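S.K.: With the sequences and hints as input, model every part of the structure.
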Amino acid sequence: MASGVMPRRTALGALLRPVVLWGMPGAIVLVVAILAGVAIGETPLPFSMVAAVIANNLWGAGYDVNLIDAGIIWSYRLPRTLVAAACGAGLALSGVVLQALVRNALADPYLLGVSAGASTGAVAVTILGLGGGMIGISGGAFAGAVLAFVLVAALARAAGGGSAQLVLAGVAGSQLFNAITSFLIAKSANAEQARGIMFWLLGNLSGVRWPDVWLAVPMAGSGFLVCLMFVRSMDAFSFGASAAASLGVSVRQVQVMLIGMATLMTATMVSLVGSIGFVGLVIPHAMRFVVGPRHARLIPASALAGAIFLIAADVVSRVLIPGQVIPIGVVTALVGAPGFALILIYNRRRL
Amino acid sequence: MRLSATSLGWTAGARQIVSDVTVDIAPGETFGLIGPNGSGKSTLLRLMAGLVPRGKGSVMLNNDPLAKLPRQEVARRIAFVEQQVETSDALSVRDVVELGRTPWLSALAPFGMSDAEIVRDALDAVGMADRMAQGWSTLSGGERQRVQIARALAQRPRVLLLDEPTNHLDIHHQLALLRLISRLPVTVILALHDLNQAMDCDRLGVMEGGHLIACGPPAKVLTPERLATIFRVRATTLRDPADNATLFRFHCLEE
Ligand SMILES: Nc1ncnc2c1ncn2[C@@H]1O[C@H](COP(=O)(O)OP(=O)(O)O)[C@@H](O)[C@H]1O
Ligand SMILES: [Mg+2]
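As given, the protein sequences belong to chains H and B, one line each in that order.
Note that the working numbering numbers the first sequence so that position 332 is 332, with each residue one more than the last.
Note that the working numbering numbers the second sequence so that position 1 is 352, with each residue one more than the last.
Everything labelled a hint here was simulated from the structure, so no lab data went into it.
Bear in mind that the values here come from a model prediction, so they are computed numbers and not experimental data.
From the three backbone atoms N, C-alpha and C, an ideal C-beta is built for every residue, glycine too.
Incorrect hints may appear among the rest.
[To be verified] Across the chosen pairs, the derived CB separations fall in these ranges:
1) B:485 with H:106: 22 to 32 angstroms
2) H:253 with B:413: 17 to 27 angstroms
3) H:162 with B:418: 15 to 25 angstroms
4) H:199 with B:468: 55 to 65 angstroms
5) H:253 with B:414: 24 to 34 angstroms
6) H:106 with B:597: 49 to 59 angstroms
7) B:534 with H:21: 48 to 58 angstroms
8) H:206 with B:471: 50 to 60 angstroms
9) B:483 with H:55: 43 to 53 angstroms
10) B:439 with H:18: 21 to 31 angstroms
11) B:483 with H:21: 14 to 24 angstroms
M.R.: Given below as structure tokens:
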């Protein structure tokens with residue numbers, strides 16, 4: 001009917017208009033945020049120098065810059081900022097996806113045991129020496145995250161497969177893996193190791209280098225595209241899975257695809273930088289407040305806001321106490337919790 | 352569109368909720384489902400919509416088995432208004448009705464002018480066009496019901512399944528809704544409680560304990576004995592001098 005007779009030109013126009021109208025400004029804002037994230041630090045570097053160094057490295061522009069500053073910008077701050085942006089976007093997207101499909105306002109990327117599994121994996125590698133040094137802390141964390149998710153999903157399925165079952169299975173799985181982590185730390189970690197793991201668990205971007213960028217950025221990018229493809233399906237879940245099915249959504253297929261994608265994204269981010277809390281919970285709610293509940297807007301808005309939020313949090317974590325880096329998860333929670341409280345209060349009348 | 356259901360059934364645990372219901376509904380027919388609370392009307396409608404996992408039996412839409420059709424194709428043919436729905440999202444009335452266009456849209460066919468027009472027409476049909484921007488959660492029960500019906504109309508289905516659509520509606524909107532669906536050129540299957548309203552259906556099916564125990568024209572189905580045994584009421588028939596229509600007045604039967 002309507003879809004069939006729509007002339008090609010208007011269809012293309014309807015596709016391109018939001019891209020031009022919202023995509024371009026969004027991309028510009030993101031680039032500015034990344035440049036700012038690189039420029040601001042304990043030693044502030046001017047924007048012009050940041051641009052010059054990036055131009056030198058990207059297409060050999062040959063600007064004359066201080067070698068040490070160039071090194072800080074290119075090998076240290078830029079990858080770190082890019083990974084922060086990718087993680088922020090990825091975690092926020094995962095939060096939107098899980099909140100939409102699980103129909104629970106408390107859903108966040110770690111709901112399904114991903115973060116607990118990652119910490120167990122990381123601890124198993126660092127303390128028990130699992131993998132014999134072949135897999136690093138990131139590899140162990142990723143394996144733990146995926147294993148935990150698979151167990152949680154299997155348990156939820158065995159319990160009947162509803163969204164309430166998924167949430168409860170996630171709680172059980174997280175408790176189990178957190179207990180294993182605590183057990184391992186209590187049993188065999190020395191103080192130094194325990195502190196290192198603690199630091200990693202709270203989120204830490206200091207170790208980030210270019211190879212991490214090549215993992216995090218494509219992951220967040222493909223997650224973003226997959227989410228964009230499913231915006232209408234996520235809208236259709238507003239009245240529950242059964243209503244979505246009666247609107248023509250292949251519920252099982254969409255759930256597997258989107259929850260799988262969100263988990264993969266979260267597991268990648270957690271394994272690179274540790275489990276940074278609050279982004280995946282707060283950003284989607286904040287963006288709902290700004291752009292409304294429809295996913296065609298919520299998805300791009302959350303991705304952008306998540307990226308900017310984590311870039312900002314990373315900057316704060318670097319400059320707050322001179323000479324010392326605060327775990328980024330502490331910053332996100334310190335800023336996120338009061339922000340969330342404000343949203344709850346302002347949102348009161350709309351519910 | 353013809354909807355033929357063959358041996359539909361569903362069990363919850365050991366309990367048979369719907370057993371062996373076979374019914375053939377002709378194109379354009381308005382088919383009423385009546386029966387006491389818990390007799391399986393909602394479950395039967397969900398079975399007809401293909402929404403029950405592990406349901407037994409089969410449903411044919413014209414010549415296509417429902418189970419073989421892709422979900423999207425089913426949603427283009429069947430729209431379903433459930434008895435009650437809830438959301439925690441802060442959707443507006445327009446958002447809810449736009450959901451009805453979901454089965455017709457894809458990445459290459461985004462929401463366009465013609466969809467917006469369909470949404471407006473649907474809201475007009477239920478008298479909610481002036482409330483487009485209002486939040487769904489701020490609507491009254493009857494208004495929500497009407498918006499859900501508009502959503503189903505926006506789906507442009509050929510079969511409309513309505514589960515107690517007149518619940519919560521004031522008397523004007525009950526009659527307006529029944530008039531609306533009787534004029535729609537689609538097959539309508541609806542669960543009803545008001546037996547006087549049920550008299551206006553083309554055919555009625557009576558559910559009891561999960562069985563379809565009677566099926567036929569309203570005057571044949573609603574016999575005094577059946578009203579006494581199934582609905583546990585004694586009915587006296589009255590005649591409306593305005594249009595010579597027959598109405599029931601009910602008296603509760605105590606056992
Ligand atoms: N998921 C379920 N599990 C167990 N019993 C159910 C379930 N769904 C419905 N029932 C039972 O099936 C019976 C029929 O329900 P329903 O189809 O909603 O009846 P009606 O719409 O005619 O009032 C009720 O007794 C109800 O308790
Ligand atoms: Mg019912």
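S.K.: The structure should be examined with respect to each hint, and the outcome stated for every one.
M.R.: Taking the hints in turn, this is what the structure says about them:
A hinted range of 22 to 32 angstroms holds for the C-beta pair residue 485 of chain B and residue 106 of chain H, which are about 27 angstroms apart. Between residue 253 of chain H and residue 413 of chain B the beta carbon distance is about 26 angstroms. The supplied range of 17 to 27 angstroms therefore holds. In this structure the hint that residue 162 of chain H and residue 418 of chain B lie 15 to 25 angstroms apart at CB holds, the actual value being about 22 angstroms. Here the CB-CB span from residue 199 of chain H to residue 468 of chain B is close to 58 angstroms, well matched to the stated 55 to 65 angstroms.
Here the CB-CB span from residue 253 of chain H to residue 414 of chain B is close to 26 angstroms, well matched to the stated 24 to 34 angstroms. Between residue 106 of chain H and residue 597 of chain B, the C-beta spacing of about 55 angstroms keeps the proposed range 49 to 59 angstroms intact. Residue 534 of chain B and residue 21 of chain H have their C-beta atoms about 41 angstroms apart, which leaves the hinted 48 to 58 angstroms range violated. At about 56 angstroms, the CB distance of residue 206 of chain H to residue 471 of chain B agrees with the hint of 50 to 60 angstroms.
For the hinted restraint 43 to 53 angstroms between residue 483 of chain B and residue 55 of chain H, the CB-CB distance of approximately 50 angstroms keeps it satisfied. Between residue 439 of chain B and residue 18 of chain H the C-beta distance comes to about 26 angstroms, which sits within the given range of 21 to 31 angstroms. Look at residue 483 of chain B against residue 21 of chain H: about 22 angstroms separates their beta carbons, and that is inside 14 to 24 angstroms.
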